[in-house]
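Starting from the known structure of chain Z, arrange chain D with the ligands on it as the hints suggest.
Chains as they are written, first to last, in my numbering: chain Z, 1 to 601; chain D, 1001 to 1239.
The set of hints was computed from the structure by calculation and includes no laboratory data. None of these values were measured; they are calculated from a predicted model. Here a beta-carbon is modelled for each residue, glycine too, at the ideal position from N, C-alpha and C. Just to be clear, a hint being listed does not mean it is correct.
Here are the simulated distance ranges between beta carbons [as the list claims (entries may be wrong)]:
hint, chain 1, residue 1, chain 2, residue 2, range
1, Z, Arg390, D, Glu1121, 33 to 41 Å
2, D, Pro1040, Z, Asn3, 47 to 55 Å
3, D, His1126, Z, Asp23, 41 to 49 Å
Each computed BS3-like pair below joins lysine-lysine, with the alpha-carbon atoms no more than 25 Å apart [claimed, not checked]:
hint, chain 1, residue 1, chain 2, residue 2
4, Z, Lys555, Z, Lys512
5, Z, Lys352, D, Lys1196
6, D, Lys1069, Z, Lys352
7, Z, Lys352, D, Lys1163
8, D, Lys1196, D, Lys1163
9, Z, Lys555, Z, Lys517
10, Z, Lys346, D, Lys1163
Listed below, chain by chain, are the residues.
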Amino acid sequence: MLNPSPSRIAAAVERSLARLGRDPSLVLQHLIALQQTFSFVPPAGIDRLVAALGVTRAQILAAIDFYAFLHLAPRGDYDILFSDNITDRMLGNGRLMTQLCQLLGMSPGSTRADGLVSVGLTSCTGMCDQAPAMLVNGLALTRLDDARIRRIAALVDTRVPLPHWPQAFFAVSNNVHRPGLLLSDLEPRDAGLAALRQQGPDAVLAEIERAGLRGRGGAGFTTALKWRFCREAAHPEKVVVCNADEGEPGTFKDRVLLTSYADLVFEGMTLCAGIIGAREGFLYLRGEYRYLLEHLEAVLQRRREQGLLGQGMADTGTDFDIRIHLGAGAYICGEESALIESLEGKRGVTRKRPPFPVTEGYLERPTVVNNVETFLAAARIAEHGGYWFRSEGTDRSAGSKILSVSGDCERPGIYEYPFGTSIARVLGDCGAQRTQAVQVSGAAGATLGVDEFQRVLAFEDLPTAGSFMVFDDSRDLMEMVRNFADFFVHESCGFCTPCRVGGKLLRDLVEKVAARKASRHDLDEMRRIADVMRRASHCGLGHTAPNHVLNTLDKFPQIYASRLASADHTPAFDLDAALAEARALTGRDDVGAHIAADVGC
Amino acid sequence: MAEHSTFRLDGRPIPFAPGQTIMDAALAAGAYIPHLCHHPEFAPHGSCRVCVVCADGREVSACTAPAAKDMEVESQSESIRALRVSILQMLFVEGNHVCPACEKSGACQLQAVAYDCGMLEPHFTHFFPRRAVDASHPDVILDYNRCILCELCVRASRDQDGKRVFAISGRGIGSRLIVDSPTGRLGDSRFAITDKAAHVCPVGAILPRRGGYRVPIGERLYDRAPISRVGDVAANEEA
Ligand SMILES: Cc1cc2nc3c(=O)[nH]c(=O)nc-3n(C[C@H](O)[C@H](O)[C@H](O)COP(=O)(O)O)c2cc1C
Ligand code: SF4
Ligand code: SF4
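So that you can see chain Z by itself, here it is in the shape it has in the complex (with noise of 0.2 Å):
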């Protein structure tokens, strides 16, 4: 792309400006709009921004730096990115890329000369389901596949735009194949409001309470509790937050509810502010789901022509609004202190606790942030009661779990089954064969052998946010090893030592491993650093990031003992390696300018 001219880039900002507001907790959604509309953020644009927020240049460049969907430098005008979670992987996402990018005269990883297009990787987009999947200008495409990629190839190259691309491209099916307690029942009748207004918001709470709920994003904190805590907190200014992240690989089941189940989610949103006294609300949509945001502001306008949301909504009284904030890719912001420090308009870095967010979250008001399906689990227990909530689960796991199912097996998408049902069970269900492992609740979560299958889910056996990836005995597990490592080095907020400096330690003796260049002495080595991480990290991240490879290790040993180099040692430096330099500056390249790899020292 030429670079903008200043008047268009101011045009762009007073655009911005005009529609979000001027607050500085908004300057990251206007950088966001700036890179959508120009490939980048411009410097003009900055200059502006700093002169009418009054945010610093340094904080504006420090979050384009942190958010991986934002740049300093032009995009191409189509910016491929390609969906790098395992399962992508297994099914050839980097063969389709090598491909995509032979077709375009490119490198992956690299703007083409002419500016036209960007190719690249991203993590997991939420799509495993229908992958592999990409995002171009910010919007999914799912099923790639060879004829596929080479009709992209061609669009691309005579510059059809986007919106003219074949429809069919951008097409994501819900793939529910289970529906259980909460996904059978799809009409949305504001019952759960209904019973706001009529028994109050104690009432209410008192059923959510007896349901049992517990959070459904991952920690399984008392969702009841929470509202209370949240109700109770001094400041006056309450605020609920749904988070809308979906960051952690293999999840999708947000996704669904979000695009058909969006009245129950905004429902239950609306249910907690009567309960708490809230005026203000947002969803903190992940980038990687912007293809949604028309369809849910869509669904908010009509909510608010409907009384149900806005001033003296659903008759309760009270005024209560829901913002849509989006994300720019990274998975920390799902943790709910960075999402917060994110609908701030920073960086997306884990806050400290105390004090949590319900007693001083998103402006330091009292906030509460729960997972989309928690709202809209809440929402079904106002209408029905807790003990309907009750009648599934287990007595400390109550009610029914959404899964996304990806991976080796027949029919990947969307379960919902009791808590308390075994791996084994989802496993035939979702017609998977010769199944090896079971990677539970995400790169984050548990590695499974086969003799765990009997193992269920619930918080007091497998918690699980939902994400269920299956390896077949075909795949070699190593490569699952390398993409969480990659992935958390690549998602580490930086913050804290363990994770930011451990991550790349472990990622870099993944690595030597993987290259068969590994030793014992560097599997002791991973677990010193894992445990250093597990023991000592700020937040959820880092304390769950090693995970996979200690998981892997006690369970699936032979992945790397198989690839272990003999020696009970083996430096990290390569001295071979290090003399290129003197070797290009010869002009060297014969025998004796090379030292052999196994001379001992």
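What follows is chain D with the ligands alone, placed relative to chain Z:
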């Protein structure tokens, strides 16, 4: 009512007031817990993780964890010491810390804490990152090679100087300190040697000019006494 409760730090009773962290209370009682990003004048940060302690069986950072009545806190156990050494080693290999060639040697908190914890070697593979030195300012040198991302300068400039000269940019292992100025250089920023931010760096990343080797190596702060006795660099700089 100034009724004090106590918790136990390595067996020693430490009184604390409500709202105090383990670190606050320990420092007030004259008990040393190794730390780098903590400074009593600024809000607790909790990023370096060097002050990790085991409190009632859970590992927490002493600078952010509230003290609680009758809590058992372990700071000097072998297990915690070894954990701290690993964290310090991570900090050493992440940057370029060539102590024998550094002007700050002997008065550097990273070096002193490493001695205190018994760190004998960097252990992990060095990253040897390529980082620049910013010599654009008339009164200080900003050497990014030694920055440990403690954000003390960020906090000091924002919270005390009211200038927001520094920020952390990027993410993950690519995180780095940046300067708020049109060019990104310190000399073009509003930074002044009289700023609080000029005197809080625990390492040799923000180095005032014209003071080099005024105190010979061997006679410096931590050459004379261990950090557990004399405390932080910042406290001594200001004294
Ligand atoms: C690294 C990390 C990423 C997370 N990502 C998400 C996410 O994408 N969606 C989510 O709902 N919760 C996520 N969480 C959990 C949130 O911090 C928080 O616990 C949750 O949103 C609370 O909602 P719930 O109680 O309804 O589960 C994440 C946590 C961590 C540590
Ligand atoms: S554990 Fe990782 S993601 Fe969490 S604060 Fe530390 S560096 Fe950031
Ligand atoms: S320059 Fe010094 S004070 Fe500032 S972040 Fe780096 S180490 Fe900390």
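Okay, the hints, checked on the actual structure:
1. Z:Arg390 with D:Glu1121: 33 to 41 Å: Taking Cβ atoms as reference, Z:Arg390 and D:Glu1121 lie about 57 Å apart, which means the hint is violated.
2. D:Pro1040 with Z:Asn3: 47 to 55 Å: holds, 49 Å
3. D:His1126 with Z:Asp23: 41 to 49 Å: holds, 44 Å
4. Z:Lys555 with Z:Lys512: It holds: about 20 Å lies between the C-alpha atoms, which stays within 25 Å.
5. Z:Lys352 with D:Lys1196: holds, 24 Å
6. D:Lys1069 with Z:Lys352: holds, 21 Å
7. Z:Lys352 with D:Lys1163: With a Cα-Cα distance of about 24 Å, the restraint between Z:Lys352 and D:Lys1163 holds, given a limit of 25 Å.
8. D:Lys1196 with D:Lys1163: Given that 25 Å is the threshold and the Cα spacing comes to 11 Å, the pair holds.
9. Z:Lys555 with Z:Lys517: holds, 22 Å
10. Z:Lys346 with D:Lys1163: Status holds; Cα separation ~18 Å.
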